[in-house]
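**Q** The primary structure of each chain is shown beneath.
There are 2 protein chains.
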Amino acid sequence: MSKSIVVVGSVAFDHVKTPAGERKESLGGSATYFSYSSSYFAPVKLVAVVGEDFSDKYIRLLNDKGIDTTGLVRQKGGETFRWAGTYEKDINEAVTLATDLNVFADFKPDLPESYRNSEFVFLANIDPDLQLEVLKQVRNPEYVVCDTMNLWINIKRDSLLNLLKKIDLMILNDGEARILTGQKNLIKAGKMVLELGPKTVIIKKGEHGAVAFSGPEIFMVPAYPVQEVVDPTGAGDTFAGGVVGYLCKSGATDFASIKKAMLYGTVMASFNVQDFSLDNLKDLTPKMIDERVQFLRSITSC
Amino acid sequence: MSKSIVVVGSVAFDHVKTPAGERKESLGGSATYFSYSSSYFAPVKLVAVVGEDFSDKYIRLLNDKGIDTTGLVRQKGGETFRWAGTYEKDINEAVTLATDLNVFADFKPDLPESYRNSEFVFLANIDPDLQLEVLKQVRNPEYVVCDTMNLWINIKRDSLLNLLKKIDLMILNDGEARILTGQKNLIKAGKMVLELGPKTVIIKKGEHGAVAFSGPEIFMVPAYPVQEVVDPTGAGDTFAGGVVGYLCKSGATDFASIKKAMLYGTVMASFNVQDFSLDNLKDLTPKMIDERVQFLRSITSC
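If you read the sequences in order, they're chains F and U.
Residues 1 to 302, numbered by the numbering used here, are exactly what the first sequence covers, in order.
Residues 1 to 302, numbered by the numbering used here, are exactly what the second sequence covers, in order.
If you are wondering where the hints come from, they were derived from the structure by calculation, not from laboratory data.
Please read all numbers here as calculations on a predicted model, not as lab measurements.
One or more hints might be untrue.
Identical copies go unnamed one by one, so any copy, or any two together, can satisfy a pair.
Stated by the list, open to error - When the alpha-carbon atoms are kept at most 30 Å apart in a straight line, the in silico DSS-like pairs for lysine-lysine are as follows:
1. K287 / K165
2. K65 / K184
3. K191 / K259
4. K57 / K199
5. K136 / K184
6. K24 / K184
7. K282 / K165
8. K191 / K17
9. K282 / K184
10. K191 / K89
11. K188 / K287
12. K188 / K17
13. K259 / K188
14. K184 / K89
15. K287 / K191
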């Protein structure tokens with residue numbers, strides 16, 4: 001039986017403005033992007049909370065990709081988490097205009113029994129106390145991956161540091177790595193995150209790709225060259241979905257596998273940014289994914 | 001007989017402040033960094049002008065690396081070009097505090113006869129009319145490379161466009177590529193520069209590495225991971241010196257060779273940024289250079 005991934009994080013409705021246009025009430029959230037992306041590689045079990053306004057069509061959208069939504073709680077009388085942001089000044093930097101936590105404010109994840117034997121765990125960017133709580137509920141996790149954000153680094157540092165001792169792979173962005181370590185130089189920052197516990201660290205650099213650290217080893221991959229970035233929302237979680245999805249599928253988590261996984265993550269993110277919401281992630285095929293991985297390999301090797 | 005490179009550009013005294021310290025009256029300038037870097041690979045012939053304040057010890061410093069200074073004019077009664085800048089806010093971005101052109105203001109390059117049969121030409125960032133003038137004086141150039149800067153893109157656009165029709169390889173930075181093409185997306189911008197004439201374009205992205213375009217081909221290389229950046233002044237010209245030096249040495253200028261040359265350029269730049277001025281470029285060995293090239297290859301392939 002193939003291994004599976006439990007993911008906990010946000011499911012949201014986004015209102016996004018980019019130079020390419022505007023999209024209201026579009027499906028988003030870290031757990032959504034992660035699930036959608038990783039579903040191309042492995043069975044995914046989603047843990048999140050939504051409101052009564054989260055219609056069945058969205059559930060179907062997830063189920064159509066084989067995503068298990070047993071752990072997606074639809075809270076009576078509640079409203080789904082909403083995020084509004086704009087990239088109008090700089091396509092590579094989101095400016096948050098509004099965040100309405102709604103049902104997400106009192107989120108207490110409780111994993112269905114069918115989730116608790118999963119081998120892979122992805123703890124998307126939520127309160128590190130909740131990340132720890134979810135991790136406790138998985139019986140015998142083989143490989144635990146987490147993300148975080150500036151907010152938790154600043155207000156829940158102790159919980160985050162506690163979590164990091166239990167983490168195999170931390171995936172975070174360059175700004176977060178700098179704030180977490182107080183180190184501007186990204187190479188030093190990466191090595192310092194390793195000292196906090198994770199066996200491997202991947203720092204995402206947006207349009208500049210990603211860099212991984214594991215013991216003395218380093219690996220660098222550029223972003224996939226995309227000529228029309230329509231909406232970068234979710235690129236980081238889509239990247240993580242490709243990475244963790246590939247690792248779960250391949251069954252190996254050594255650094256050589258992590259390098260390959262980063263190519264898949266990079267390619268999944270490249271598809272994501274070419275349209276709003278999940279639109280360009282809906283109809284991918286293994287062939288489309290592999291072709292981009294091959295191309296990425298060709299433009300980085302000599 | 002091995003092929004040689006003619007380089008025309010600035011030789012300057014820099015006053016630099018970085019988070020690591022301050023250095024006054026240190027040898028700098030685009031042609032200096034380029035020459036020093038490329039001298040590890042091929043014979044280099046320098047064309048530039050300095051003032052009477054440019055003492056023999058600097059000439060010796062260049063000659064010690066085998067750099068031909070027959071074309072370095074020491075102008076009586078003149079003062080050497082001076083540049084002052086700081087990186088105190090952001091190690092990756094120079095803020096110019098002062099530019100005194102001095103003898104450089106009336107620079108009219110006149111190539112010594114012994115330079116005119118060189119096969120490779122590097123036209124560093126100077127007035128495109130002067131770049132064209134130098135190019136005219138080389139009898140039968142095999143491979144012509146140029147750089148430029150925002151100033152010339154803005155005030156000498158026609159001359160620059162004229163020059164670009166005669167260029168094999170243009171090496172410029174991301175900001176310059178965006179201004180030259182009016183295109184924010186760097187992949188598009190790179191392809192648009194190709195349409196202006198150069199057979200190959202390399203866009204330098206500072207700490208984020210470099211990307212090359214040639215016809216339909218692309219190649220990306222990250223910056224070499226350096227934990228202590230002391231002074232990034234001259235990194236771009238040092239990179240170009242490694243690229244053009246390697247191409248001249250290898251005798252081939254196809255895209256496969258350009259890819260390899262970019263690894264050498266990246267490595268030379270990494271040495272440069274680890275100390276002020278040319279200090280860390282003085283005592284390199286082929287073994288030190290090759291070891292970093294090998295490491296760079298290892299962290300980018302999987």
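**Q** Given a CA cutoff of 30 Å, do K188 and K17 count as a within-copy pair, a between-copy pair, both, or neither?
**A** between (35 Å within a copy, 22 Å between copies)
**Q** Can you tell me if K191 and K89 fall within 30 Å by alpha carbon in one copy, between copies, both or neither?
**A** For K191 and K89, the Cα distance is within 30 Å only across copies (23 Å; inside one copy 32 Å).
**Q** From the Cα coordinates, with 30 Å as the cut-off, is the pair K136 and K184 best called within, between, both, or neither?
**A** neither (33 Å within a copy, 46 Å between copies)
**Q** Is it within, between, both or neither when you check K259 against K188 at 30 Å Cα-Cα?
**A** both (20 Å within a copy, 27 Å between copies)
**Q** Between copies, within a copy, both or neither: which fits K191 and K17 at Cα up to 30 Å?
**A** For K191 and K17, only the inter-copy Cα distance (27 Å) is at most 30 Å; the intra-copy one is 36 Å.
**Q** Up to 30 Å between alpha-carbons, please classify K65 paired with K184: within, between, both or neither.
**A** Classified as neither; 40 Å inside a copy, 35 Å across copies.
**Q** Is it within a copy, between copies, both, or neither that the alpha carbon of K57 lies no farther than 30 Å from that of K199?
**A** Neither: 39 Å inside a chain and 51 Å across chains, both beyond 30 Å.
**Q** Please work out whether the CA atoms of K24 and K184 approach to 30 Å or closer within one copy, between two copies, in both situations, or in neither?
**A** For K24 and K184, the Cα distance is within 30 Å only across copies (25 Å; inside one copy 36 Å).
**Q** Evaluate K188 and K287 at a C-alpha cut-off of 30 Å and name the case that applies: within, between, both or neither.
**A** between (37 Å within a copy, 25 Å between copies)
**Q** Are the CA atoms of K287 and K165 at most 30 Å apart within a copy, between copies, both, or neither?
**A** neither (38 Å within a copy, 40 Å between copies)
**Q** With identical chains treated as interchangeable, where does the CA-CA distance between K282 and K184 reach 30 Å or less: within a copy, between copies, both, or neither?
**A** between (37 Å within a copy, 28 Å between copies)
**Q** Within a copy, between copies, both or neither: where do K191 and K259 come within 30 Å Cα-Cα?
**A** Both ways: K191 and K259 sit 17 Å apart in one copy and 29 Å across, limit 30 Å.
Checked against the numbered hints given earlier, the structure breaks hints 1, 2, 4, 5 and 7 and satisfies all the rest.
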